[in-house]
Amino acid sequence: MSTSFTYFEAEDRVLVMIQSGEHKLWLTRRLAQAIVHDIAGIFASQVPGGGIPGAGSAEERIALEHQMAMNGEDLPQDEGGKALQYSSTPPACASDGDIRLCTGLDAKAGSNYASIGFVVGEHTLNLKLSRAGFHRLLRGVALCGAQAGWQLQGVPSWLTQSLLGDLLTSLPPLDEAPDDDPGTA
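Residues in the sequence shown are numbered from 1 upward in steps of one, following our numbering.
It should be emphasised that the hints constitute simulated quantities derived from the structure, not laboratory data. On a predicted model such as this, the values are computed, not experimentally measured, just so you know. One should not assume that every hint holds.
[To be verified] Below, computed lysine to aspartate or glutamate pairings styled on EDC-like, alpha-carbon distance capped at 16 Å:
| hint | residue 1 | residue 2 |
| --- | --- | --- |
| 1 | K128 | D106 |
| 2 | K24 | E11 |
| 3 | K24 | D98 |
| 4 | K108 | D38 |
Make a model of the complete structure from these sequences and hints.
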């Protein structure tokens with residue numbers, strides 16, 4: 001399943017597209033705040049490993065689980081799985097009449113899944129994801145909210161931790177210039 005987020009300044013809302021545009025909905029700042037604070041809290045409270053000696057605190061376990069999800073450690077590489085995917089196609093037009101306003105949320109989490117329900121009118125669009133998939137959904141909402149300048153409050157530290165260090169360690173080293181290269185001092 002693919003989920004993408006695009007901020008539209010004129011609407012001051014985030015467009016959420018699920019399954020390559022099969023479902024489109026507007027997410028307000030208030031609901032984004034609820035997702036990254038309240039729903040992330042429910043999700044974190046169900047992190048596996050409690051009671052296992054040496055597994056660390058709940059905060060340490062959720063941070064590790066988040067880092068593993070962002071690194072795509074749950075995705076089968078032999079099938080072309082990638083943790084984050086980028087599109088070269090432009091975002092949907094904000095004036096699209098198929099976009100409905102999300103007015104409420106519902107969430108559930110367990111040790112191996114999480115689900116979020118987006119209330120749209122009289123219907124609820126339910127997404128059931130693996131825990132790793134839900135980490136990526138939460139990260140997408142948090143990043144989009146930050147790019148929108150929404151200054152969302154109470155975002156857990158594990159959700160905003162920098163992944164740059166891991167990325168840099170996975171890059172190959174730069175080739176060293178030979179000693180006789182005139183471009184070096």
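Pairwise hint evaluation, D98 against K24, where the allowed Cα distance is 16 Å at most: Distance ~7 Å between K24 and D98 Cα, so the pair holds.
Restraint status (C-alpha distance of K128 to D106 at most 16 Å): Answer holds: K128 to D106 is near 12 Å, not above 16 Å.
Pair hint K108 and D38, alpha-carbon separation not exceeding 16 Å: Given that 16 Å is the threshold and the Cα spacing comes to 11 Å, the pair holds.
Holds or violated: K24 to E11, with C-alpha atoms at most 16 Å apart: Status holds; Cα separation ~15 Å.
Hint compliance for this structure: no hint is broken.
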